[in-house]
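*Asks:* Given next are the chains, with one letter for each unit.
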Amino acid sequence: MKKFTQQLVLLGPGLAWLVVFLVIPLVLILSYSFFRRGPYGGVVYEFTLKNYKQLFSPLVLRVFLTSLRIAVITTGLALLIGYPTAYAIATAAPQWRTTLLGLVALPFWTSYLIRTYAWIVLLNREGVINHFLMRLGIIHEPLGLLYNEFAIIIGLLYGYLPFMILPLYSSIERLNPELREAAADLGAPPLKTFFTVTLPLTLQGVIAGSIFVFVPSLGNFVVPELLGGGRRLMIGNLIQNRFLKARDWPSGAAMAFGVMSIVLILLLLQAWATNRLQEGGANAE
Amino acid sequence: MRSKFLKRVRALDVHLVLVYLFLYGPIVMLIVLSFNELGLPTAWGGFSLKWYGELARNTALLNAGINSLIVAGGSTLVSAVIGTLLAIGLERAVRSTLLDAFVFVPMIIPDIVLAIALLSFYSLLKMRLGLYSIMLSHIVFNIAFVAAIVRTRLSYFDPSLEEASMDLGATQIKTFLKITLPLILPGIMAGALLAFTISFDEFVIAFFTAGPGQPTLPIQIYSMVRFGVTPDVNALSTIILFISITSILVAQRLSGMRGVL
Amino acid sequence: MSGNGPLVAIRNVVKRFGSIVAVNNVSLDVQQGEFFALLGPSGCGKTTLLRMLAGFETPDSGEILLEGEDLVGVKPWKRPVNMMFQSYALFPHMTVYNNVAYGLREDRLDKQEIDRRVREVLEMVGLLGLARRKPDTLSGGQKQRVALARAIVKQPKVLLLDEPLAALDRKLRVEMRLELKRLQHEVGIAFIFVTHDQEEALTMADRAAVMNAGQVLQVGTPQELYELPTSLFVANFIGESNVFTGSLKVAGDDVTVVGAERAWRVSAEASRRVGLKDGDAVAIVIRPEHLQIIPAASGQETNGLSNTATGMLIETAYLGSMRHYIVELDDGTRVMAQTQAGHIFDSLTEGTRVSVGWELERGVLVPADDEALIEGAGLSGAL
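Protein chains in written order, with my numbering: chain A, 1 to 285; chain B, 286 to 546; chain C, 547 to 929.
None of these hints come from the bench; they were simulated from the model. Hints may contain errors.
Lysine-lysine pairs mimicking PhoX-like chemistry, simulated, CA-CA at most 20 angstroms apart [to be verified]:
#1 A:K192 to C:K657
#2 C:K727 to C:K703
#3 B:K459 to A:K3
#4 A:K192 to C:K624
Residues of chain C placed beyond 12 angstroms of chain A at every Cβ, according to the derived structure [unchecked claim]:
#5 R562
#6 P587
#7 D708
#8 E773
#9 R869
Virtual Cβ for every residue (Gly too), placed ideally from N, Cα, C.
Start from the sequences and build out the full structure, keeping to the hints where you can.
*Replies:* In structure tokens:
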């Protein structure tokens with residue numbers, strides 16, 4: 001009994017909060033996604049699968065695919081840039097590591113919107129990059145750097161690169177350096193050592209970092225709005241549009257669950273992979 | 286051999302420098318531009334504090350800043366308490382991977398999904414939207430972040446310290462107040478700092494659950510920048526940068542909390 | 547090329563890390579098939595030397611020759627040298643089999659050949675039954691065998707072992723000493739191993755180099771190192787010793803060490819061995835088992851002994867197969883004697899007046915430089 005009171009005091013408030021402000025709202029929009037849209041917005045409680053069927057309409061499907069493509073490219077670039085960065089920090093002199101890592105995390109503590117805005121200043125037609133390229137005579141007409149997929153990817157990469165580097169760093173730093181030396185000692189040149197020893201043993205960091213970049217990129221609506229100019233709609237913009245402009249909540253809710261199911265599949269894949277990796281370590285004959 | 290080895294290190298270091306340039310270039314650019322008399326990104330009109338003056342007269346922005354402080358302060362206070370209790374509960378009272386996963390959900394769920402879910406929930410309850418509705422929403426993920434950081438601290442903590450205290454005659458509550466709490470305080474502070482920063486900066490959920498006429502700072506900035514370049518935002522970003530970097534450094538000095546950065 | 551020169555020749559190797567000289571002008575030879583130990587306290591440079599042999603560090607100057615060919619500049623993965631790491635560094639994501647096969651695959655041998663050799667070496671270390679297991683499921687001793695198998699399967703010219711037994715518990719460590727020795731015999735590869743444990747070095751090595759502060763102080767067989775140390779450091783580092791210091795006085799064959807309180811006699815041969823001359827600061831080293839102890843009341847003769855002193859027994863310790871005695875001499879110095887258990891003095895109690903002494907030829911003479919004295923003070927503090 002005493003034990004139960006203790007558990008109630010400790011876990012009660014937090015779990016209650018999460019149930020009320022997370023579980024119930026999610027269940028609510030899940031149910032909305034199976035209802036019809038009312039004539040003036042709102043919801044008519046009448047069961048339908050129309051909202052989900054509509055996810056496979058050419059328009060929505062295209063937006064989903066665009067979002068997936070952008071999120072995949074962003075994640076891939078973040079991995080390509082982030083891995084060597086994390087590796088360089090993890091193998092730097094110990095007294096420098098904390099500082100170098102802090103420098104990666106520091107931009108995170110500044111306003112996300114302002115960091116995105118900085119890219120408007122850099123990329124727009126009268127922006128810093130165009131100006132300098134024209135000054136240097138490399139181009140004569142300003143390039144359309146802003147309001148396209150490239151700008152969205154740059155913006156997402158800029159916002160989420162630290163999320164890739166931090167988990168990668170911790171998995172690389174944990175790796176016993178003698179393992180790399182052992183591979184070299186047994187005859188493996190550096191690249192071979194990387195692919196047979198370092199990479200497989202830091203795969204958990206790769207997976208975690210990729211999820212931390214992929215998930216917020218996929219559902220993003222600020223970056224496509226500001227840097228994509230709303231022309232390249234991503235799924236986040238569509239959901240926002242359905243909710244705040246078209247007032248079609250059931251359809252917006254169904255799209256949200258479309259995003260959620262992708263995220264869920266990824267998380268399950270991660271759990272499965274993590275399990276396998278750990279089992280790999282502890283698999284008795 | 287030696288020179289080859291150095292060359293490899295150098296290639297990695299060059300990469301590192303380029304990454305830092307990528308991360309800091311845009312930020313430094315904004316700071317420099319905030320002192321540009323002309324307010325243009327491409328032409329230097331001399332050093333000036335003009336845009337800071339402009340900013341000081343922008344009451345809408347100042348009000349939005351105050352709104353953000355209220356939201357972030359309120360949600361931080363509540364989530365620091367609830368999140369700490371949750372962390373202790375998950376670390377000491379109940380060990381369950383299912384609960385762990387559940388508490389992890391608010392950190393990983395796409396913000397737009399949480400935003401529309403909360404908006405639907407509030408409007409079902411016919412709740413009037415305002416600063417407090419944003420605050421209630423922010424507490425959801427702030428609890429998760431505080432709990433995660435405090436748990437890390439707790440897991441480094443030797444439970445025999447608590448046992449020693451009780452062995453020496455202190456009650457459970459006294460042990461908590463005199464031993465556990467002081468030892469995890471840096472973790473709580475770090476968690477609170479993180480919660481405050483995230484809440485202060487959070488845009489999407491605030492955008493959906495804000496009441497009319499009461500924007501938070503990110504919402505106000507959003508409405509300013511979505512139509513292009515506005516020079517007083519440069520000044521604002523410099524100030525925000527300055528405040529967050531100093532507070533991080535001060536916090537780090539004060540409590541030696543290295544897990545934050 | 548190899549001829550009958552040494553297998554490994556280290557010539558004037560220097561390695562600095564910043565302002566620290568980790569290895570200071572070291573020269574060493576290791577012969578074909580030899581079990582060679584690099585012995586010294588932590589930070590003496592022995593591991594750096596080993597890592598230079600493996601290719602993980604590059605000497606600032608000097609040469610490392612393997613069968614007469616310079617290894618400096620040859621990358622670790624191209625050296626016919628393999629290493630057993632202190633942490634074993636087994637790849638946790640690979641099975642025992644794949645760990646052992648890793649190096650052979652790098653050699654691009656055909657599958658059957660790899661399989662044959664992996665099985666052969668696993669058989670040799672007695673782990674064939676565990677080939678499909680992952681390293682995390684193995685005991686410390688098993689991991690150590692896998693690490694060894696993985697390193698010897700490539701049939702290197704030299705096998706390097708970095709503190710090979712340090713991670714094992716004591717009982718296993720003693721067993722593995724013999725096991726390693728047997729394996730080394732079986733494969734016939736030269737082993738160079740690093741250790742800080744003098745007992746380990748003495749029991750396993752054919753020869754050992756004692757290192758301190760980046761320098762090799764003495765190279766020799768375990769017996770030479772123990773019985774005829776050439777420096778106070780080596781005398782103190784290897785085994786226990788009683789040390790009496792003073793200045794050397796040579797008068798023909800009559801050699802004495804004049805200390806603060808009294809003079810001790812030493813053999814003329816002892817002084818010639820290390821090339822000391824009249825007036826040098828020296829130390830006499832007497833091993834505890836050579837220090838004889840005679841109860842004053844027993845009336846026994848001390849005639850056979852060249853140097854004697856009287857004192858009081860202040861402590862005895864029973865160690866199973868032997869017994870230690872600590873005697874405080876009348877001038878206040880403390881000495882330690884050791885007898886086999888079952889000796890007639892077993893019943894001596896603390897507080898008994900005794901004489902101690904040693905036979906002339908048991909006193910080993912070494913130079914007494916101040917630095918070594920300070921080091922030695924720390925080490926014989928075990929007394």
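*Asks:* For each hint, tell me whether it holds in the structure or not.
*Replies:* How the hints compare with the structure:
1. A:K192 to C:K657: holds, 19 angstroms
2. C:K727 to C:K703: holds, 17 angstroms
3. B:K459 to A:K3: holds, 17 angstroms
4. A:K192 to C:K624: holds, 13 angstroms
5. R562: holds, 16 angstroms
6. P587: holds, 22 angstroms
7. D708: It is violated; D708 of chain C is separated from chain A by about 9 angstroms at its closest Cβ, not greater than 12 angstroms.
8. E773: holds, 37 angstroms
9. R869: Check passes; 43 angstroms lies beyond 12 angstroms.
Hint check: a violation occurs at hint 7 only; the rest are consistent with the structure.
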